[in-house]
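Chains as they are written, first to last, in our numbering: chain A, 123 to 366; chain B, 629 to 1263.
Simulated from the structure, these hints should not be mistaken for lab results. Careful: at least some of the hints might be erroneous.
Label pairs and their computed distance ranges (CB to CB) [what the hints assert, rightly or not]: (1) A/Ala-313 - B/Glu-928: 32 to 38 Å; (2) A/Ser-351 - B/Asp-753: 36 to 42 Å; (3) B/Pro-687 - A/Ala-313: 41 to 47 Å.
The beta carbon of each residue, even a glycine, is placed where N, CA and C say it ideally should be.
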Amino acid sequence: MNPTSNNFHTTRWTIVLKARGEAPEAKAALSDLCQAYYTPVLRFLQREGKSKDEAEELAQSFFARLLAKNSIQNADPQKGRFRSYLLGALKHFLVENRRNQSRLKRGGDAQHQSLDEPESEVSPGLQLPDPTSFIPDSYFDREWALALMDRGLQTVEATLTKNGKSSHFETLKPWLMGDASSLSQADAATALKISPGAIKVSIHRLRKDFAEAIRAEIAQTVNTPEEVSEELCYLIEALSLTGV
Amino acid sequence: MTNLQPSNCPQCGKPIPENAPSGLCPSCVLAKAATTANQTNPNPKSPPPSLDELASHFPDLEILEVIGVGGMGAVYKARQPKLDRFVALKILHVHDDDPAFEERFNREARVLARLNHPNIVTVFDFGSAGPYHFLLMELIDGVNLRQAMQAGRFSSAEALTLVQEMCAALKSAHEDGILHRDIKPENILLDSQGRLKIADFGIAKLLGPDEPHNFTLTRQDALLGSPQYMAPEQIESPEDVDQRADIYSLGVVFYELLTGELPIGRFAPPSAKNEIDARIDEIVFRTLEKERDARFQSAEDVSTKVASLSQSPPPPTNSGKGKTARFATASAILTGISIPLIYFCFFTLFSVNSSSGPQEISNRSENIAVFWVRLIGISGALLAVTTVILGFFLGISALSDIRQSNGQKRGLSRATFATLTWPFIVLLVIISMFIPGPMETKFVFLILLISFSVICWALIPTLRRWARNEQSLGALSIRFIAVIGIPVLLSFGVVDGLVTEWHKDPEPSISETSVTAYYSQSRELEGKLRAARELPPGSQRALTFASVAEEAALEGRLSIAFVACQEIDGPGQKNHETLANTTRYKCALILGRQGYTSEATQIASKISAESLKRTALIKISKREFDDNSIPPPTQ
Chain A
123 MNPTSNNFHT TRWTIVLKAR GEAPEAKAAL SDLCQAYYTP VLRFLQREGK SKDEAEELAQ
183 SFFARLLAKN SIQNADPQKG RFRSYLLGAL KHFLVENRRN QSRLKRGGDA QHQSLDEPES
243 EVSPGLQLPD PTSFIPDSYF DREWALALMD RGLQTVEATL TKNGKSSHFE TLKPWLMGDA
303 SSLSQADAAT ALKISPGAIK VSIHRLRKDF AEAIRAEIAQ TVNTPEEVSE ELCYLIEALS
363 LTGV
Chain B
629 MTNLQPSNCP QCGKPIPENA PSGLCPSCVL AKAATTANQT NPNPKSPPPS LDELASHFPD
689 LEILEVIGVG GMGAVYKARQ PKLDRFVALK ILHVHDDDPA FEERFNREAR VLARLNHPNI
749 VTVFDFGSAG PYHFLLMELI DGVNLRQAMQ AGRFSSAEAL TLVQEMCAAL KSAHEDGILH
809 RDIKPENILL DSQGRLKIAD FGIAKLLGPD EPHNFTLTRQ DALLGSPQYM APEQIESPED
869 VDQRADIYSL GVVFYELLTG ELPIGRFAPP SAKNEIDARI DEIVFRTLEK ERDARFQSAE
929 DVSTKVASLS QSPPPPTNSG KGKTARFATA SAILTGISIP LIYFCFFTLF SVNSSSGPQE
989 ISNRSENIAV FWVRLIGISG ALLAVTTVIL GFFLGISALS DIRQSNGQKR GLSRATFATL
1049 TWPFIVLLVI ISMFIPGPME TKFVFLILLI SFSVICWALI PTLRRWARNE QSLGALSIRF
1109 IAVIGIPVLL SFGVVDGLVT EWHKDPEPSI SETSVTAYYS QSRELEGKLR AARELPPGSQ
1169 RALTFASVAE EAALEGRLSI AFVACQEIDG PGQKNHETLA NTTRYKCALI LGRQGYTSEA
1229 TQIASKISAE SLKRTALIKI SKREFDDNSI PPPTQ
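Okay, chain A solo, but in the shape it has when bound (with noise of 0.2 Å):
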């Protein structure tokens, strides 16, 4: 139930982490992270300027690069979150990219895109030559969190509609922002023919899986049980960095 607790060890990013990805099930959970979390990636490519065909073919070879590749030897095991390590990895993979396309306007080998001689020179994510060139991480973060967010309310979403209780979600989820809701519990509780009562224990109840879901989701990208509060709390003042 609770991600904190002792099966900690068992997420995603810690498996990656400890094999180094070198370990089928490395692998697999790396794959998984990555599905999780294309959209922010997608939309940071978006936002570089790229159009959205531009940017999913982009998005697809960068994690394609990033799966085939032993990159992950080099993620900081001590400090390293996957959202970071994917930033890093990303902003890398775009200066390769432009790299190899002046090279290309240049008149370059079109065919040979190496992309690897440097990673395996420098650790992804700490080097950058122009920084400045880049659209804030901030960005990265908020649709980081975004994405997140999607994650937890799906999952609730289809706790509820496992359990026959579909319009359950659709009716109650204003109040997962909190009790300012100009909605009326009383409005909802006709809505899905339950009395008063039940109405505030399924709004609890809806709150506390989304909470855990969401805890759960962080867990799967950060190292240690202590992390997950302090990414939730990252995470949240990346929302209210109004840098859109």
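Based on these hints, arrange chain B on the given structure of chain A.
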């Protein structure tokens, strides 16, 4: 990902980004998630036994997860495979240094297991397993009242229902001689159907050592700590509590349900915090009495009182002391002011007009005075009309406000007064126009009718409240004096002024002449009368009076004619009786011809010569006025 929500977050007010999942404000959702999580383990100091550890001691149970951890112990969700049901396993937090625990536990738990009520969590089993003492209970698939209150405030109707259910549970337990001793929102559960279930009955006693000094120690350990819900006597001498201690705790929960706050210190009545029926205050206060003798004596008493609330409609709440009541008061005051104001203006303007006779505006200073009086009159009239309109519309707005509150707000009578007074007065004025008779009669009639209506209107509701025993005799008499006294004082002024006017110049009819002409003519005749009085006694004086009398009779000034006739043979005019008689005869016929039959008879009856009197009376009764000649006096 439909964007159903408004573009601004209802929670933080900031715009919601268009790609926000489910259209929810991401900041608020994640912030709420951050505060929601990890509430299940507030006491990490003593970690609950792990699932694996427990499993070895409970071979008949599949222990699934920790539901909650508190001062009393930890609760686990478990499954009984044999019965195929889910149960709650409570592992009690036992003090090692309490030798009497074993015996007390067995004694108390047996009593608890006997409790059987739909609003009480049932105890299936109890005992010890390995190092643990446990209670096996009904699993409630829901939340506790604390969590429910965090999910949203309860309406007063919901709170009343919950209190009723709590009372039912307490009544049943108290009848079995079991006190809860630890009623608090955490122990009151709501299942997924919204039904209330009280948990942990008597556990406080079961766990709490019998000696009071030990109790103090345990309180410091926060083991049984919920002193804010405890009755004063429970804190002071926990060994000497009865069911009234539970009633107090129930009152604290009741107060918290209604207001979201604890009744600490000099706490406000719930109705001052929310729009709540003020009669609830009384119930809450009586459950929270510091002296238990002053409290409700049983849960049933509370329940009966609460039930009586839902049966009778609520009286106007204190919210009536708000804007609407002030509107209503203001409108009533404005209307009240406007009545004398209009009256004042009416007469000011008239006196200016009537004094504008040609002989009176003789010099400049009087001209200026007239100007000022007229200015005051006109501005007063403007002010009066404004007051009337303002009072009327404020009254209407107060009325519509009261209607929107379904009659909950106060000030209905004031608003009615403000709205209806002037239309009513206008209606009465129109009616009075059709009433025959002189102006004064109409006016007195009008004032009497208005006063009567005001008295009826204002006193009936008061009397009704008094009859329903909602108002004391003192309040009634104050209102009585105010309602009757003010119109009486007002009409005193009005009627007194009228009467003076009347005595000074009690002319009856002005129907065909304008008010102005009426006043100036009567002044003229009065002047002549005064002038005649200045004359020395003699025939000249008698003849002047006679001519004034005839003129007055022709003008219809009855009283002047009367007085003038009287003066012809008045003191010192002994030898003018004949002239007086003939003048009376003439005046009687003149008046009779004009239709003043009774006045004519009156004046004719004053004739001292019998035959002349008879002739006059016959002529008046037969209405033979064509012959104006005076019959020769017969001896």
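These are the hints, each one checked on the structure:
A beta carbon spacing of about 37 Å between A/Ala-313 and B/Glu-928 agrees with the range 32 to 38 Å that was offered as a hint. At about 39 Å, the CB distance of A/Ser-351 to B/Asp-753 agrees with the hint of 36 to 42 Å. Distance hint check for B/Pro-687 and A/Ala-313: the Cβ-Cβ separation is about 46 Å, which falls inside the suggested range of 41 to 47 Å.
Figure legend: structure checked against the earlier numbered hints; every hint is met.
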